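S.K.: Can you build the whole structure from these sequences, using the hints too?
Number of protein chains: 6
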Amino acid sequence: MRPSGRHLSEMRLISIETDVTRHAEGSCMIRCGDTHVLCTASLEPRVPPFLKGSGQGWVTAEYGMLPRATHTRGRREAKNGQSGRTQEIQRLIGRSLRAAIDRNALGERQITIDCDVIQADGGTRCASITGGWVALRLAVNKLLKAGDIVTDPLTDHVAAVSCGLYAGQQVLDLDYPEDSEAGVDGNFILTGSGRLIEVQMSGEGSTFSRDQMNGLTDLAEKGVAELVAAQKAAI
Amino acid sequence: MRPSGRHLSEMRLISIETDVTRHAEGSCMIRCGDTHVLCTASLEPRVPPFLKGSGQGWVTAEYGMLPRATHTRGRREAKNGQSGRTQEIQRLIGRSLRAAIDRNALGERQITIDCDVIQADGGTRCASITGGWVALRLAVNKLLKAGDIVTDPLTDHVAAVSCGLYAGQQVLDLDYPEDSEAGVDGNFILTGSGRLIEVQMSGEGSTFSRDQMNGLTDLAEKGVAELVAAQKAAI
Amino acid sequence: MRPSGRHLSEMRLISIETDVTRHAEGSCMIRCGDTHVLCTASLEPRVPPFLKGSGQGWVTAEYGMLPRATHTRGRREAKNGQSGRTQEIQRLIGRSLRAAIDRNALGERQITIDCDVIQADGGTRCASITGGWVALRLAVNKLLKAGDIVTDPLTDHVAAVSCGLYAGQQVLDLDYPEDSEAGVDGNFILTGSGRLIEVQMSGEGSTFSRDQMNGLTDLAEKGVAELVAAQKAAI
Amino acid sequence: MRPSGRHLSEMRLISIETDVTRHAEGSCMIRCGDTHVLCTASLEPRVPPFLKGSGQGWVTAEYGMLPRATHTRGRREAKNGQSGRTQEIQRLIGRSLRAAIDRNALGERQITIDCDVIQADGGTRCASITGGWVALRLAVNKLLKAGDIVTDPLTDHVAAVSCGLYAGQQVLDLDYPEDSEAGVDGNFILTGSGRLIEVQMSGEGSTFSRDQMNGLTDLAEKGVAELVAAQKAAI
Amino acid sequence: MRPSGRHLSEMRLISIETDVTRHAEGSCMIRCGDTHVLCTASLEPRVPPFLKGSGQGWVTAEYGMLPRATHTRGRREAKNGQSGRTQEIQRLIGRSLRAAIDRNALGERQITIDCDVIQADGGTRCASITGGWVALRLAVNKLLKAGDIVTDPLTDHVAAVSCGLYAGQQVLDLDYPEDSEAGVDGNFILTGSGRLIEVQMSGEGSTFSRDQMNGLTDLAEKGVAELVAAQKAAI
Amino acid sequence: MRPSGRHLSEMRLISIETDVTRHAEGSCMIRCGDTHVLCTASLEPRVPPFLKGSGQGWVTAEYGMLPRATHTRGRREAKNGQSGRTQEIQRLIGRSLRAAIDRNALGERQITIDCDVIQADGGTRCASITGGWVALRLAVNKLLKAGDIVTDPLTDHVAAVSCGLYAGQQVLDLDYPEDSEAGVDGNFILTGSGRLIEVQMSGEGSTFSRDQMNGLTDLAEKGVAELVAAQKAAI
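Residue numbers (the working numbering), protein chains in the order written: chain A, 1 to 235; chain B, 1 to 235; chain C, 1 to 235; chain D, 1 to 235; chain E, 1 to 235; chain F, 1 to 235.
Hints may be right or wrong, so weigh each one.
Any copy will do: because identical chains look the same in the list, a pair fits if it lies in one copy or spans two.
Calculated pairs, DSSO-like style, for lysine-lysine (alpha carbon to alpha carbon, straight line, at most 30 Å) [as the list claims (entries may be wrong)]:
#1 K232 <-> K222
#2 K145 <-> K52
#3 K52 <-> K142
#4 K145 <-> K232
#5 K232 <-> K79
#6 K142 <-> K79
#7 K142 <-> K232
#8 K222 <-> K52
#9 K79 <-> K145
#10 K222 <-> K145
#11 K52 <-> K79
#12 K79 <-> K222
#13 K232 <-> K52
The set of hints was computed from the structure by calculation and includes no laboratory data.
Computed from a prediction, not measured in an experiment: that's the story for all the values here.
M.R.: Below, the structure written as structure tokens:
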């Protein structure tokens with residue numbers, strides 16, 4: 001019944017290829033089915049003004065989509081500025097990753113996670129978070145290996161998946177054909193130990209019940225567990 | 001234990017004053033404690049390009065905060081452009097209100113809800129949604145009264161409240177002192193009949209459990225019921 | 001003969017409500033008939049670069065109009081940037097208020113006057129100046145009361161009124177129906193002692209004589225005297 | 001007593017050279033002492049949207065200053081956007097010239113007056129108006145000569161001069177050293193027949209009396225008469 | 001003597017992988033050593049305004065560099081707007097590709113070539129042109145295969161290479177360490193048949209002779225021939 | 001056979017008038033036929049951040065075109081931002097002039113060359129470089145005369161000319177009618193001693209041979225020699 005033929009609670013094929021660019025301190029190409037996101041972590045010896053002298057570090061994120069990542073070519077944001085949607089997504093990625101970082105242990109340095117969508121088929125913000133965590137993990141590993149920090153500032157895995165109501169059914173990991181028809185669309189960000197970091201559920205022109213809210217959260221827990229397993233396998 | 005002395009599940013005083021401006025087709029000043037938002041509904045005989053000729057209408061929202069609505073003066077967005085936060089909020093308001101509108105019944109016209117925060121003390125996006133629905137209701141009433149439309153396009157009430165973890169406790173309707181210290185912050189948008197429209201829960205640098213998610217949602221249901229009662233009383 | 005039925009030299013009803021917001025150091029809602037402007041004064045312990053180390057303070061102003069303050073909804077300036085008209089008005093407000101301030105007595109601090117038009121019916125720049133002065137007065141009073149400054153830096157009242165030629169007659173305090181038809185439109189800013197601060201008279205597609213210039217200035221003197229009386233009553 | 005050694009009511013040397021560029025329908029270089037402004041009139045077979053189908057024409061103006069027209073190099077507005085001051089000036093130029101144009105006689109076409117300051121020594125907006133009128137006159141003459149219009153749409157001359165209080169004295173046609181020290185600064189735009197189009201008087205941190213207002217207006221009448229004579233001589 | 005150990009006239013390893021994204025009508029990943037550029041061709045059934053109704057098509061290009069394609073992270077252009085360098089490069093790419101297109105044979109449609117640098121090591125604009133031509137070729141092939149056009153509008157291959165003076169020697173295909181030290185830097189765009197399309201030679205703070213100009217052009221002819229061979233092998 | 005009746009290798013009439021504005025440290029009006037560019041050099045006691053403390057100076061350039069410098073009025077860049085073309089040109093001017101400056105001898109100061117096109121008839125970028133060098137020379141002379149620097153930092157003349165293929169013929173110094181029809185268009189920047197600084201040759205929708213490249217470069221050498229002679233005569 002799903003356009004892809006997947007079972008209701010079946011994830012798309014996950015692939016995480018690490019160290020895909022030469023310059024970044026950490027990087028991966030994450031592929032969740034046909035959604036491909038290049039994630040890089042850049043380490044910089046500076047923090048935003050509000051943290052200067054605090055001894056605390058910062059993790060932030062930026063998100064972009066190549067103009068032809070989508071079915072029809074979109075306008076290049078470099079020419080038109082970031083859309084509200086783009087800003088919303090990059091704020092979400094940064095906030096989610098900061099939930100699993102001990103900023104004192106990181107010390108006064110900033111890690112910027114760039115998530116650039118090379119090809120899109122739904123779920124790009126979730127793939128960005130899952131892949132972004134891998135890039136972050138790799139960059140932090142370099143800091144640990146070099147002895148620049150001694151305590152691991154990463155307190156847990158972070159991964160994200162979308163769930164929604166498609167054709168009246170609760171389904172896991174929506175692809176674009178499902179996403180564009182979904183009655184309810186949710187994004188769930190969880191830790192490796194199954195704690196919730198962020199939940200965003202939105203009736204797209206409709207509403208949903210507490211039971212549906214619970215059912216979708218159950219699905220999300222299953223999906224994130226699989227993503228965390230993939231993260232572990234990749235590193 | 002709350003800074004305001006309120007009980008854990010106690011809302012702030014709600015006041016909704018209608019028809020506060022001369023020109024708008026619908027308007028109200030909503031006051032949730034010290035958070036005051038002026039909401040106006042403007043009816044325009046046009047729709048966005050993607051709806052031209054569809055026979056369907058559109059509801060959209062814009063949000064702003066006067067520079068000195070807050071403790072310290074903020075920069076005027078007219079000089080600096082809308083922040084990511086502002087865009088995120090106005091997208092949420094519009095999406096939430098559209099969940100309770102029958103766009104075919106509305107016909108090819110647009111209603112723009114402007115939510116301008118006159119004074120802020122936490123919860124401005126929730127107050128904007130609750131007050132924005134009242135302005136929308138009043139504007140639609142004018143259309144019905146004038147015979148411009150015959151079927152009421154508003155299918156239900158829409159109201160919103162924030163809940164969160166403050167000092168380890170689940171509290172309803174966070175004010176600014178609570179909001180700035182909250183470990184988890186959630187915004188819940190529901191209909192008058194108790195259906196969920198949108199849920200946004202975010203660990204602010206921390207995480208939360210399924211039980212806490214449920215507890216906060218219970219509180220939100222209670223709070224929204226009180227807000228809907230206030231909406232009914234106001235009109 | 002005037003649309004409102006007023007006599008040629010009759011002002012609209014003036015009302016000045018003070019301390020209308022919690023956070024600002026000074027604030028008022030001024031109502032000149034159906035023109036309502038919220039004026040706040042924000043005190044900040046900094047001055048523009050060109051005054052650093054000079055021992056002198058600064059008073060500046062910003063102006064905005066809520067999108068639906070007018071008959072038909074205007075575009076939100078936060079989305080489009082400030083118009084030339086808006087910049088012209090806020091430069092005028094700041095310049096006018098600085099004419100009655102002793103910047104040495106104020107000391108190295110800045111007071112920003114925000115004038116936000118809640119509802120418009122002509123004469124918004126004049127109402128902003130008259131109400132802005134009240135907000136400024138209240139903020140300065142706080143500084144005096146707290147002993148932060150010892151000499152009152154405010155040297156006089158400042159108030160403003162528009163006069164113009166409507167249907168060939170010299171009229172005082174134009175409302176929107178008059179303003180949009182006026183052949184000549186003037187804005188007069190005066191002190192409490194009747195000195196001129198700024199005069200702007202403009203033939204709107206027409207011209208005027210020295211006699212008319214004098215007649216309108218006479219009217220303005222009468223109107224400003226009434227506004228200053230209202231300022232005194234409000235504080 | 002004036003830095004330039006001029007008498008109180010003495011204008012700077014005026015020179016108006018016409019037809020200084022090849023492409024524009026009308027053009028002149030106006031020199032008021034060391035203030036040099038290149039004024040061009042461009043005729044375009046279109047009008048702003050609000051005039052489409054009205055049969056009426058439009059005259060508008062744009063103003064700019066070359067970065068090194070001034071003592072110290074200013075920032076290029078093409079890189080930073082037009083300042084509030086620039087917008088205020090170009091609105092004034094357009095408004096002033098429209099006061100002497102019969103838009104029905106002009107027919108549905110637009111004339112854009114570009115005023116670009118090549119060298120500045122005070123009074124650039126006044127020189128722009130005086131020179132802009134000459135460029136407009138020349139462009140209209142072409143229309144008349146070609147038979148595109150039959151009735152002359154220009155109803156009178158338009159010229160402008162500044163007057164102010166310098167060192168306590170009423171002086172005519174302020175240059176930069178005077179302008180930067182003036183206690184009161186006024187710009188007067190008049191027609192060839194001596195009617196007032198626009199008066200802008202501003203106490204620069206000070207105030208002025210009715211008598212001073214009258215005295216400065218007397219000076220302006222004298223100055224504009226000389227400018228109009230120069231316009232007549234140039235064409 | 002070259003940092004990479006290459007001979008003076010030795011190109012970097014060239015690799016062109018085609019059809020690397022699902023949605024684009026044509027695409028390739030071109031790798032010139034460590035410079036990797038994703039090139040996509042997007043076909044759209046519209047042309048710029050100046051070609052409407054002409055029966056002619058258009059080829060244009062946009063260029064971007066991911067923030068961490070470089071040694072140190074650059075600012076994201078979506079947040080800051082396109083730099084002058086970016087605009088200069090994308091204008092060059094489009095102009096070069098148009099030199100080998102018969103716009104009448106293409107018909108009234110537009111092909112946009114997006115060149116996004118995934119990893120940079122010098123020569124990104126040349127790689128973009130060489131790879132962009134491959135994406136263009138593939139998109140045009142689809143049009144031919146579908147019978148949408150009958151005459152092949154691509155008249156020849158287009159490829160580009162940089163040459164320069166490094167440590168006093170004429171070298172082919174500069175990588176980043178060479179480029180950042182080069183005394184003269186040239187970009188040569190040629191057709192498959194060896195005709196010149198564009199030559200840009202620039203003394204970077206120095207000058208060069210006619211002999212050096214000729215020597216570098218000889219090198220470029222050799223390099224482009226190898227690139228064209230790689231293009232042929234890839235398709 | 002040329003529209004102007006000139007021989008194939010005949011330059012337009014060159015005129016360089018120096019010291020045309022009061023305030024700039026160096027200035028000239030250069031006229032190449034009907035192309036007139038005002039060039040000013042502004043000396044400022046600061047350098048860009050990357051040169052602070054280096055003891056080296058900087059030369060940079062900005063370029064603009066008055067809206068009615070052209071046949072039809074263009075949009076004012078102050079209202080719309082600098083076009084890609086404008087940025088490309090001003091980068092070229094700055095780069096070219098820096099090729100003949102000893103930045104250590106200049107010392108830590110910046111000279112900004114402003115090139116503003118008063119009237120355009122093709123070749124504005126070349127005229128800007130040739131005239132810009134004169135303005136630079138004059139400003140440097142002031143520094144030398146004042147004893148602020150002791151070694152002349154200008155190592156040679158810099159001048160530029162365009163050559164191209166017009167109606168199949170190699171022609172020197174294209175004017176607008178030629179430029180808009182040219183099959184190949186080249187800009188050549190050379191020193192007074194005949195060394196090349198920058199060569200830009202572009203097939204405008206066509207291609208060219210090595211022989212043509214050489215022929216056009218020969219013409220450019222002839223043209224620049226004449227321009228350098230004019231520079232020498234002017235100073």
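S.K.: What hints, given by number in increasing order, does this structure fail?
M.R.: 5, 8, 9, 10, 12 and 13
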